[in-house]
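2 protein chains.
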Amino acid sequence: MASHPKKDLPVWEIRRYLEPGPIVLVSSSWKGRQNIMSMGWHTVMEFSPSRIGCFITSANHSYEMIRKSKECVINIPTYDMIDAVIRIGNTTGSETDKFADTGLTPVEADKVKAPLIKECYANFECKVADTGLLKKYSFFILEVVKAHVAASPKYPRTVHYRGDGVFMVSGKNVSYRRRFRPENL
Amino acid sequence: MASHPKKDLPVWEIRRYLEPGPIVLVSSSWKGRQNIMSMGWHTVMEFSPSRIGCFITSANHSYEMIRKSKECVINIPTYDMIDAVIRIGNTTGSETDKFADTGLTPVEADKVKAPLIKECYANFECKVADTGLLKKYSFFILEVVKAHVAASPKYPRTVHYRGDGVFMVSGKNVSYRRRFRPENL
Numbered sequence: 001m002a003s004h005p006k007k008d009l010p011v012w013e014i015r016r017y018l019e020p021g022p023i024v025l026v027s028s029s030w031k032g033r034q035n036i037m038s039m040g041w042h043t044v045m046e047f048s049p050s051r052i053g054c055f056i057t058s059a060n061h062s063y064e065m066i067r068k069s070k071e072c073v074i075n076i077p078t079y080d081m082i083d084a085v086i087r088i089g090n091t092t093g094s095e096t097d098k099f100a101d102t103g104l105t106p107v108e109a110d111k112v113k114a115p116l117i118k119e120c121y122a123n124f125e126c127k128v129a130d131t132g133l134l135k136k137y138s139f140f141i142l143e144v145v146k147a148h149v150a151a152s153p154k155y156p157r158t159v160h161y162r163g164d165g166v167f168m169v170s171g172k173n174v175s176y177r178r179r180f181r182p183e184n185l
Numbered sequence: 001m002a003s004h005p006k007k008d009l010p011v012w013e014i015r016r017y018l019e020p021g022p023i024v025l026v027s028s029s030w031k032g033r034q035n036i037m038s039m040g041w042h043t044v045m046e047f048s049p050s051r052i053g054c055f056i057t058s059a060n061h062s063y064e065m066i067r068k069s070k071e072c073v074i075n076i077p078t079y080d081m082i083d084a085v086i087r088i089g090n091t092t093g094s095e096t097d098k099f100a101d102t103g104l105t106p107v108e109a110d111k112v113k114a115p116l117i118k119e120c121y122a123n124f125e126c127k128v129a130d131t132g133l134l135k136k137y138s139f140f141i142l143e144v145v146k147a148h149v150a151a152s153p154k155y156p157r158t159v160h161y162r163g164d165g166v167f168m169v170s171g172k173n174v175s176y177r178r179r180f181r182p183e184n185l
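Just so you know, the protein sequences line up as chains A and B, in that order.
Going by UniProt numbering, 129 is the number at position 129 of the first sequence; the sequence numbering is gapless.
Going by UniProt numbering, 174 is the number at position 174 of the second sequence; the sequence numbering is gapless.
Derived by calculation from the structure, the hints in this document are not laboratory data.
Worth double-checking, as some hints may not be accurate.
Just so you know, same-sequence chains aren't split out, so a pair can sit in one copy or run between any two.
Keeping only pairs whose Cα atoms sit at most 20 Å apart, straight-line, the calculated EDC-like set for lysine to aspartate or glutamate is [as the list claims (entries may be wrong)]:
(1) K68 / D164
(2) K31 / E183
(3) K172 / D80
(4) K70 / D80
(5) K127 / D110
(6) K68 / E183
(7) K118 / D8
(8) K154 / E64
(9) K6 / D130
(10) K6 / D80
(11) K31 / D8
(12) K135 / E95
(13) K172 / D8
(14) K118 / D101
(15) K31 / D97
The following block holds chain A by itself, in its conformation from the complex (with noise of 0.2 Å):
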């Protein structure tokens, strides 16, 4: 294991560090105006209810079409659709409609209002279970009541923001499940 000398970073930029979680798409629905915003602080937090708890600030304009609607949707690209990935993050749903502007396709959810993006590789539909941590974190509390999955394959390749406009694509897949104690897995 390597020991690594090390230097001090400003603590606002340790997101560099953790972010790398997949990049979503998160697709809302709010009278008739459909919208998508690209997101990477966002985290499960319960199997059952099925939680999700995401960072969504208001200065974006999905902020108060997922606050007023209660719904949105968690979309998972992959590496092909790195493009509209950062068209949609680099535009804003109050001039532009992503959709559109993507060319990606919105397939109607089953159990809410906002669109399924259908070139994702993993859609979650998503209620609002908690806006408690709004005003203090701009933290979205999400109870996951719908997900679609590709069929295959099992780990297509995801894209994970670095930061400086790099992304990280995902790598190599490796099981050590024969060290994994069963209810650990």
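Let chain A serve as the given structure and place chain B on it in line with the hints.
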């Protein structure tokens, strides 16, 4: 862009899709004892103050150590540490001295009593900033008060838990910087 045929997924399994941020090792100290746990459910919540939110159940030995000491360190391991990561995730601090068991090296931190893990390529010293979400969500809000990172490489190989004992190893990094608005980097 692909259009994936979809299957339904039980909502409690969505973690397998959102989890793959970097696995981190959380070190803590309380009443002269030190501990380490592995954690995958975390998110950045703010730049300044530098906030991290993370889910830790009370079933973890670290839970009370962090809650009582109001401190911990978030350490990011690299792929060469995978054996230690798996050991840490499959033993409990109530029975095992994780430092002795893994051979990892505790190093004194600057601003907290919890130790840094020397072999990790990044160490973020944290104070617990808000315990108000513990009862309902087992969710700690941490403030990073000091950050140490490896001088190089910029992007070492990190490990990202897929579930079922499988880890994704971080892949290639691709820059799209020229296509970003400066304020979005």
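Each hint, compared with the structure:
no., hint, verdict
1, K68 / D164, "neither (32 Å within a copy, 37 Å between copies)"
2, K31 / E183, "neither (45 Å within a copy, 29 Å between copies)"
3, K172 / D80, "both (17 Å within a copy, 14 Å between copies)"
4, K70 / D80, "neither (30 Å within a copy, 43 Å between copies)"
5, K127 / D110, "within (12 Å within a copy, 42 Å between copies)"
6, K68 / E183, "neither (39 Å within a copy, 27 Å between copies)"
7, K118 / D8, "between (43 Å within a copy, 14 Å between copies)"
8, K154 / E64, "neither (34 Å within a copy, 37 Å between copies)"
9, K6 / D130, "neither (40 Å within a copy, 29 Å between copies)"
10, K6 / D80, "between (36 Å within a copy, 17 Å between copies)"
11, K31 / D8, "neither (48 Å within a copy, 28 Å between copies)"
12, K135 / E95, "neither (26 Å within a copy, 41 Å between copies)"
13, K172 / D8, "neither (31 Å within a copy, 25 Å between copies)"
14, K118 / D101, "within (15 Å within a copy, 47 Å between copies)"
15, K31 / D97, "within (14 Å within a copy, 57 Å between copies)"
Hint violations for this structure: numbers 1, 2, 4, 6, 8, 9, 11, 12 and 13, all remaining hints satisfied.
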